[in-house]
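Protein chains in written order, with numbering that gives the first Met the number 0: chain A, 0 to 485; chain B, 0 to 431.
These are calculated hints, taken from the structure and not from any lab test.
Quick caveat: nothing in here was measured; it's all calculated off a predicted structure.
Ideal Cβ placement from N, Cα and C applies to all residues, glycine included.
Hints are supplied without guarantee of correctness; some may be wrong.
[Unchecked claim] One-sided excerpt, in silico: chain A residues whose CB lies under 8 Å from chain B:
| id | residue |
| --- | --- |
| 1 | Gly-272 |
| 2 | Val-275 |
| 3 | Gln-276 |
| 4 | Glu-279 |
[As the list claims (entries may be wrong)] Once the Cα atoms are required to be at most 25 Å apart in a straight line, the calculated DMTMM-like pairs of lysine to aspartate or glutamate come out as:
| id | chain 1 | residue 1 | chain 2 | residue 2 |
| --- | --- | --- | --- | --- |
| 5 | B | Lys-159 | A | Asp-436 |
| 6 | A | Lys-114 | B | Glu-257 |
| 7 | B | Lys-239 | A | Asp-190 |
| 8 | A | Lys-78 | A | Asp-223 |
| 9 | A | Lys-24 | A | Asp-173 |
| 10 | A | Lys-114 | B | Glu-90 |
| 11 | B | Lys-159 | A | Glu-319 |
| 12 | B | Lys-159 | A | Asp-449 |
| 13 | A | Lys-114 | A | Asp-384 |
| 14 | B | Lys-323 | B | Glu-90 |
| 15 | A | Lys-24 | A | Asp-181 |
[To be verified] Per label pair, the in silico range of CB-to-CB distance:
| id | chain 1 | residue 1 | chain 2 | residue 2 | range |
| --- | --- | --- | --- | --- | --- |
| 16 | B | Phe-231 | A | Asp-85 | 40 to 48 Å |
| 17 | B | Thr-26 | A | Ala-110 | 44 to 52 Å |
| 18 | B | Gly-213 | A | Arg-347 | 28 to 36 Å |
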Amino acid sequence: MNAAATPGATVELDDIQGLVRFGYKHLPNASFLLFRVKDVTAACAWLASAPVTTAASTMPLPQIALQVAITSEGLRALKVSQQVRDGFSLEFVAGMASDAYRAQRLGDIGASDPKGWRWGAGECAPHVAVLLYAATGLAEWEREIEAQCADGFTLLERLRSSGRQDIEPFGFADGISQPDLDWGRTREVRDRDRLAYDNLSCLGEFLLGYPNEYGLYTPRPLLDRRDTAAAALPPAEDDPASADLGRNGSYLVMRQLRQDVTGFWRELDRQAGGDVQLRERLAAAMVGRNMNGDPLVAAAGAATGARFNAFTYESDPRGERCPIGAHIRRANPRNADLPPGKPGIVSRLRRMLGFDARVRAQDLIASTRFHRLLRRGRKYDGGGDDGSEAGLHFICLAANITRQFEFVQSAWMMGTRFGGLTGQSDPVVGNRAPAADGSPADGFSMPRSDGPDLRLAGLPQFVTVVGGAYFFLPGARALRYLATAA
Amino acid sequence: MIPQSQFLVLAQVAAGRESELRGLLATMNSAPGVADPANALVPFGQFPQLHFARFVVLDDPSLGGIQPYGSPRPSLPVYLALLGSCDGAAEEFLAALAQRAARGLRRIFSHCQGFDANADLLSWMRQRRVPLAASYVNWVGRSVRQISEEAAIARAVASKVDRSPIAPLAEAQQRRRQLIDFIDAEISAGRLGLTTPDPTPVRWQLARIVNLVGIPLIGLLLLPLFLILLPFALFTLRRKEESDPEICPRPDPAALLELQTAEDRDVSNQYTALGSVKPGLFRRGLEVLLLIAIDYACRHVFNRGYLARVQTIHFAFWALIDGKRRLVFASNYDGGHEPYMDDFINKVAWGLNLAFSSGVGWPRTRWLVARGARIEGTFKYYQRRHQLPTDTWYKAYPGLTLTDLNRNQRIREGLQREPMSDVEALAWLQLL
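Just chain A, same shape as in the assembly (with noise of 0.2 Å):
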């Protein structure tokens, strides 16, 4: 099981989507048109032909870009075999609304209940998601592309974006805090522990068929390399004997989340009294950044730059600058393998054998690089019936739907304990369903140097989910083979 590969080997760029390595901020707008199979033999040729915008840097920028990703049920439908759909994660297998323990997992309940969504499950479930994105002309060339598509597919969906992306519906700047991937592969493929939190993750966190934080491939359908249609794929790395359908490849996560603006501004007005400097300053508690970014543990000393992403929650343990809480604090922890301590074997056999009361405080949340996720989302505004509905459009790419995605989105987002609190999910995001046992979880604490902490209770639900799925998003190969492999 252990990486054979070299640090350093290529990485087929020109095989990956381009969402992979990039976000594609220079193309503002953007639609992303969901599709459910009506013809196999129509929407397999479109497919093979598909004009994918592929990972490979082009000058100048691409003025437009593609992507392509396809549903567990879209396989079938594909007509893509059982053995080689089995080879896919069971969650991937199994999709976002696949069940009701999920959704409770997920946080998908009440207002958020899959039954509920405009589309994602049952009927309304997607087969193939196409992405397009322009700088301009994004409506004529959506036209183009649907004329493409009727003969194969019937559109479900047309999710677009427009405008500034930098800055989200509440007035939050949005997208600051990314994962660097190892596209040099310059990290060692090794397992051991990491002391320090740092922003680079193995690209195998966030592709399929190279090796993870853990040194390992995540599993992934291998088929046999003699098989002609299988022969163009890559073969895989620990296994060359295979080929690697998933090689190059990611899982992409779409979530439509719907953002009450009004309600989440009226109900930080009454918490606030009206003081609207008290109002911006609890918002930005609950997020854990002010509006323009700028984090509340900032880092010292760094440049205007850094400072929105360089930084740990190492020198605010109790969360008295940036709540335990906050938002981006859940999202991302930002911590090691091992809580800090004084170096040496004896402290860190200390650390590890939990002998120490301290460091035990600071370790009731996972290692954060298990647990990263690649954010692709894009928000919208003038959606929903009356036009009036703004939110975002969340994608997230990961390796592991369940390690990464499901695992934030439950334990980190909707837990009711993370870090060692109580009565709270995330204050942003959260659901504020009531625990098993009836009590409230619809607060949110704010410790302070001088006293108990300040208490928020009583928050509403402001952002409830319409829709969502589990996309695979193929290599530029593995399309090809899914394509024509029916």
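Keeping the supplied structure of chain A fixed, place chain B upon it in accordance with the hints.
Chain B alone, transformed into the frame defined by chain A:
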């Protein structure tokens, strides 16, 4: 201080009656896998000393796993397990259970082999009690009563505390004093309870000291023998680690869903797993030795809120059954299943390898502690494949995690502690 104990009663399920038994056990539930504390069969909630309890049918679908080792698939029984964790001696709890839930227990055990409707229930269960090879209690001495009293006190204090900034610092003392007076008044009025801890049983203390000294003494006596055998043992270990088959197929989605059905109904969850010990004297002997060491560590070192870096396990135990051919592991933990496993992998994979690598099919280890559970995906398949759906599970304090129990305990201790410095008083107020 009342020490806690754990128990495991195993009764062989009568041939062909398993599904009927499962149906009966399900009638105890208020939600899938979660017992109604007042259910008509075994009303767990009526036993004030009971922390956790469950009924599980131990039917091991992985029994054939032993075949790659050259051993035939053994024919081992399907058991009904009654297991739990309680204050005081398990013997006393089982006696109370036999007395107060006799009718329901008889109905349940009538699905088991050799159950005689006229037999004495307590001695029938006693005969089927299995000794535990190792037992972990998160906080030895913390009783159910203490937990519920402290939870009520913490709630009352938190709702009463003045949350405005404290200045000057000396004011912290004053605020704490007011809260102490408030709680004292509540206690006098009978609205809150604060029982003085019971004296620690002398027998338990003696047994503890005998164990504390005895195990290392025996170890010391056996040390020469151990040193002579060590090179052979290491050689055999490495050889076996290289050749023992890894059996970690992906769990069946339907079986996985069945397990998930009973999960996340509370902030805590249950875990029951069963597997075969690798054939041969070496692995069996090694497992016995390791479990003795683990039990020793749990008794004397890890009895104050943490099992190495893991702080989310309320209770856990290991038991060797069927002539040490199989191992049962049961635990009660906080949080979801996936985070529980990630905690294990990332914080104590070495401990997991020590405790379980003698199990058939365990991910390949090196030198007993390395690799193994660190092979993340493979280990996750393995543990899910060996997990059994718990038929009914009881927790005496739903909604409370260990971080809650610890905080509540510190709040109560802070009310009783005299005197406190200004800084200590502030730190105490910050718990609220």
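Assess, step by step, whether the Cα of A/Lys-24 is no farther than 25 Å from the Cα of A/Asp-173, and give holds or violated. holds, 12 Å
Hinted pair B/Lys-159 and A/Asp-436, Cα distance within 25 Å: Between B/Lys-159 and A/Asp-436 the Cα gap is close to 22 Å, so the pair holds against 25 Å.
The hint says 40 to 48 Å between B/Phe-231 and A/Asp-85; measuring C-beta to C-beta, is that right? Holds: the Cβ-Cβ distance is about 44 Å, inside 40 to 48 Å.
Could you see if the CB distance from B/Thr-26 to A/Ala-110 stays within 44 to 52 Å? Given about 33 Å between the Cβ atoms, the range is violated.
Chain B contact restraint for A/Gln-276 - C-beta distance below 8 Å: Constraint on A/Gln-276 not satisfied, violated at 17 Å.
That 28 to 36 Å hint for B/Gly-213 and A/Arg-347 (C-beta), does it hold up? Roughly 31 Å apart at Cβ, these two residues keep to the hinted range, so it holds.
For the pair we were handed, B/Lys-159 and A/Glu-319, check the Cα-Cα distance against 25 Å. holds, 22 Å
Tell me if A/Gly-272 is really an interface residue toward chain B, meaning its C-beta lies closer than 8 Å to one of theirs. Not OK, violated: A/Gly-272 not within 8 Å of chain B, min 15 Å.
Given the hint that A/Lys-114 pairs with B/Glu-90, does the C-alpha gap stay at or below 25 Å? violated, 49 Å
Next pair to validate is A/Lys-114 with A/Asp-384; report whether the Cα-Cα distance is within 25 Å. Since the Cα atoms of A/Lys-114 and A/Asp-384 sit roughly 19 Å apart, the hinted pair holds (cutoff 25 Å).
Taking 25 Å as the top limit, are the C-alpha atoms of A/Lys-78 and A/Asp-223 close enough? holds, 18 Å
Holds or violated: A/Lys-114 with B/Glu-257, Cα cutoff 25 Å? holds, 21 Å
Comparing the model with each earlier hint shows violations of hints 1, 2, 3, 4, 10, 17; every other hint is respected.
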